[in-house]
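Colleague: Going line by line, the protein sequences match chains A and B.
All residue numbers for the first sequence refer to the numbering used here, where the first residue is 45 and numbers rise by one.
All residue numbers for the second sequence refer to the numbering used here, where the first residue is 972 and numbers rise by one.
Just so you know, these hints were derived from the structure itself, not from any lab.
All C-beta atoms in this analysis are idealised placements derived from N, C-alpha and C, irrespective of residue type, glycine included.
Take these hints with a grain of salt, some might be off.
Stated by the list, open to error - Some, not all, of what chain B presents toward chain A, calculated at C-beta under 8 Å: (1) ILE999; (2) CYS1009; (3) ALA1016; (4) GLN1057; (5) LEU1061; (6) CYS1071; (7) ILE1076; (8) ARG1104.
What the hints assert, rightly or not - If you want the footprint, here are the derived chain A segments under chain B, 3+ residues with CB under 8 Å: (9) 122–136; (10) 190–202; (11) 279–290; (12) 396–405; (13) 418–426; (14) 499–506.
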Amino acid sequence: MSQSENTLLIKNVSRRGFLKGALAGAALVLAAKWDFALAEEDKKYGAAAMPNGWVDDPNVFISIHNDGSVTIVNHRSEMGQGIRTSLVMVVADELGADWNKVTVLQADANEEKYGNQNTDGSRSMRHWFNPMRRAAASARTMLEQAAAQKWQVPVAECKAGVHEIIHTPSGKKLSFAEVAEIASQLPVPARDTLVLKSRDEWRYMGRETGDTYQTRNNPIRPLAIDGEDIVQGKALYGADIHLEGMVYAVIQRPLVYGSTLKSVDDSATKKVPGVIKTLTLDTASQPAGFSPLGGVAVIASNTWAAIKGRNALKIDWDETPAGENAQYDSVEYRKLLEATAQKPGKVIRENGDLAAGFKKASDTISAQYYMPHMAQAPMEPPVAIAKVTADSAEVWAPVQNPQATKGTVAAAIGLKPEQVTVHVTLLGGGFGRKSKPDYAAEAAILAKQVGKPVRVQWTREDDLHHSYFHTVSLEHFEAGLDKKGKPTAWLHRSLAPTISSLFTQDPMHKAVFELGMGLANFPYDIPAMRIENPEAPAHVRIGWFRSVYNLPHAFGIQSFIAECAHKAGVDHKKYILDLLGPARKIDPPSVGANWNYGENPKDYPIDIGRMRGVIEKVTEEADWGKKLPAGRGMGLAMHYSFVSYAAVVMDVEVEKSGNIIIHSADIAYDCGPQINPERIRSQLEGAIVMGIGIALQNEISAKDGKIQQDNFHQYLLPRMVNSPRKVRVHLVNNNLDIAPGGVGEPGLPPVAPALCNAIFAATGKRIRTLPIANQLSS
Amino acid sequence: MTTLTVNGTKHELDLPDDTPLLWALRDILGMTGTKFGCGMALCGACTVHMDGQPIRSCVTTLALANGKSITTIEAIQADPVGKQVQEAWLDVGVAQCGFCQAGQIMSATALLKKNPKPSDDDIDSFMSGNICRCGTYNRIKKAIHKAADKTEV
Ligand code: FES
Ligand code: FES
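Please model the complete structure; the sequences and the hints are all you need to start from.
Modeller: Take a look at the structure:
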């Protein structure tokens, strides 16, 4: 990407000191905007194509104080992926800052200032590694220039060390504190003059757990900005903010999506000690988008009183406006999908002559794979706090998309977005649920009505009943195999209600971004194939869940390939490598994949070599093919998503009782450059556990339009006993020349199919319905 | 009126008897380190120690807690075992989002006080009441072993 044309703009506006720039918070410095600099082509992709693009002005992100301490602004939401640490590592390293003198400041919602803040789609490091490096390299260069001025020497003789500038010929030193004031008067250097540090100059980036480097008082600990606060119970999440005079609310929302309030009897509620009052909220019409669902709110002097008060409400709902949603029944819906899958649907990709391919086949095989709805169920249920005046609102909330929160809150209470301040707390997990800020709007609506600050607390029941659910899905396959078992024809019908049903009236087909998640960009080398997307209506709110539509696509495709391999009598690893064909790069649009995670297909081709690479690596590390006792087996799966590559091998034992023991899980992972490998590992370890939950336990189902799971006794999540005895993460291709890939999501899709393939190897039983639940116990 | 000692300080609480300890800690005493995850003793996020025993504060009413001594995450570093657990947690880099970790640390501390050298199976069975949606289980196990090794010396 070329950015040099931007330079002029920055120079003109940047004569403000970063001595207090970011902390002053006054946004005095206009952020440099991508649209002055980039070629039209580049604006369509990556960070530049996100709302409000990227910003790399050091004044926006970096402050150096008179005592030499450094404040770095983090504008992405922290939900366990470690971005507060990782982006600060990038800045601290490139700046030459001492880790012990660095603090992080969480940005409020302000994309006009910071650039895009929507923490979703495994994008934070992918989109912000380079802008943040440039911001810090600019600041470092300004400090070096300031030292040169002070010493009256050429700037080439001045080099940043650790929190100081060194005059290289003489060895003289000036601390950051001593040069910050002068540096703050200098213009931000032109982008094309910046020299970024080479990898061997990094102190913080690229380190693994156990590497020796400086952290607060301990040479071996992984860097973790919030680590100490977390273990001491001091870290602040959404519900941990307390405002003077605050009252507490819980809301009874309509259990059927689209139903409205007929009448409410709150007489018993009002007798509950601590209850202050009840309020009715307008119910959302469909499609609801991010709008609150409405219902009846109980306002009380503490959360428990509000919960008890809500239990005492008697509400009559009108289900007529909900239409068919009121009959939504997961058992019936599955039958509908199965029937629809028998007929041709909308064709989204076709190569070769399918009929001829089937005619040529010496054998055929077909199968269907079903995955139910799931709830993200972050450990911290949705919660938000709001304080509203006639012309302003202030919100504290754990949100993945601060800017959307600002807009949603403003719309909900009739303010302009610029009148709303959104403070982003730590998120106790997100997984896509907290991309939708309906709960923040609820708090604002109530605070406006009550005239006091309000905290809205969702209970776990609320969270499970009113998630934006992961879609329900059916993947239908038919293949023709030649004498060697290789596919001559491949038909895939993929059915699932779409997330766009949140925003438009009754769409029946997947959106382009959903098709791009491992369906339209199917990479295997098959002479004749057709991919179809038949209709599927939505009857609940559907939303992003970590990895999104990659989950059903990977489960179906990776299971069916294993079934084909078995039918062919060929080792699965050999079969899948053969099906991928030789290492090569595929231009996604050339195969009809018109959405490539928003990235430029030139920088991010579908790289068959990297797919082969993770398969080779994981099978080698897991000792694929080794002899195992009876009742035990290994399973493999590979999936490409969020422009990263992941392959998983599971070694599984199924006991006579049907109980599953996972002896080991290996994952090989290629996201290109590894900025914070320690957190990449933790994300992948977590993906394995979450994927095990998807395979074994997670199911949300509806009956009469209502969700049947109330809490964790019915919506089961993986526990320590379910996790593998050994988890091994193998990171490959750590190469700065490769465009960076995502980390938060791509580990998840191959986990469930690898586990199911292992179960087949162990027992001969093929799992085609998730969750496995007690399918193995009979 | 309920009388509680929380982390060594005595409190008198004028709340209905059926109020769970969790909400008294969080909303009334402002001690927010203890987390709400399910409200039904299913996830362990709200784990505290009552007279030294790990309990789920979301289902422990003030009537039950009356007169008892409560220790929460905010004071666990004063306990030598608790301190070792916290240190091990940092060394291993256990936390992801961190929301479950107060409960995990309170459970792990209780385990090590009872069983200073737990096996993998001991850890599995003791800790399986604590959900971590981020999936940090293997690191939790590793950190418990590490804390056990340190406590011994
Ligand atoms: S909140 Fe108490 S066990 Fe979940
Ligand atoms: S660290 Fe996020 S729930 Fe455990």
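Colleague: Does the closest beta carbon of chain A sit nearer than 8 Å to the beta carbon of ALA1016/B?
Modeller: 6 Å, holds
Colleague: Quick one, is the ILE999/B hint okay against chain A at 8 Å, beta carbons?
Modeller: 6 Å, holds
Colleague: Quick check on the hint: CYS1009/B CB to chain A CB, less than 8 Å?
Modeller: At about 4 Å, which falls below the 8 Å cut-off, the nearest Cβ of chain A leaves the hint on CYS1009/B intact, so it holds.
Colleague: Restraint: ILE1076/B near chain A, CB-CB cut 8 Å. Satisfied or not?
Modeller: Since chain A brings a Cβ to about 6 Å from ILE1076/B, closer than 8 Å, the hint holds.
Colleague: Does the closest beta carbon of chain A sit nearer than 8 Å to the beta carbon of CYS1071/B?
Modeller: 5 Å, holds
Colleague: Three residues or more, CB to CB closer than 8 Å: is that satisfied between the segment 190–202 of chain A and chain B?
Modeller: violated (count 0)
Colleague: Could you check if LEU1061/B really has its C-beta closer than 8 Å to a C-beta on chain A?
Modeller: 5 Å, holds
Colleague: Given that the segment 396–405 of chain A was listed as covered by chain B, double-check it with a C-beta distance under 8 Å for 3 or more residues.
Modeller: Our answer is that it is violated, as 0 residues pass the Cβ test (under 8 Å) against chain B, missing three.
Colleague: Cut-off 8 Å, C-beta pairs, minimum 3 residues; does the coverage of the segment 279–290 of chain A by chain B stand?
Modeller: As far as the segment 279–290 of chain A goes, the hint holds, because 6 residues have Cβ atoms under 8 Å from chain B.
Colleague: In terms of beta carbon proximity below 8 Å, does the segment 122–136 of chain A have 3 or more residues touching chain B?
Modeller: holds (count 5)
Colleague: How does the segment 499–506 of chain A fare against chain B when you require at least three residues with a CB closer than 8 Å, holds or violated?
Modeller: This one holds; 3 residues, not fewer than the three required, reach chain B with a Cβ under 8 Å.
Colleague: The segment 418–426 of chain A covered by chain B? Criterion: 3 or more residues, Cβ-Cβ distance below 8 Å.
Modeller: Since 5 is at least three, the answer is holds.
Comparing the model with each numbered hint stated earlier shows that hints 10, 12 do not hold.
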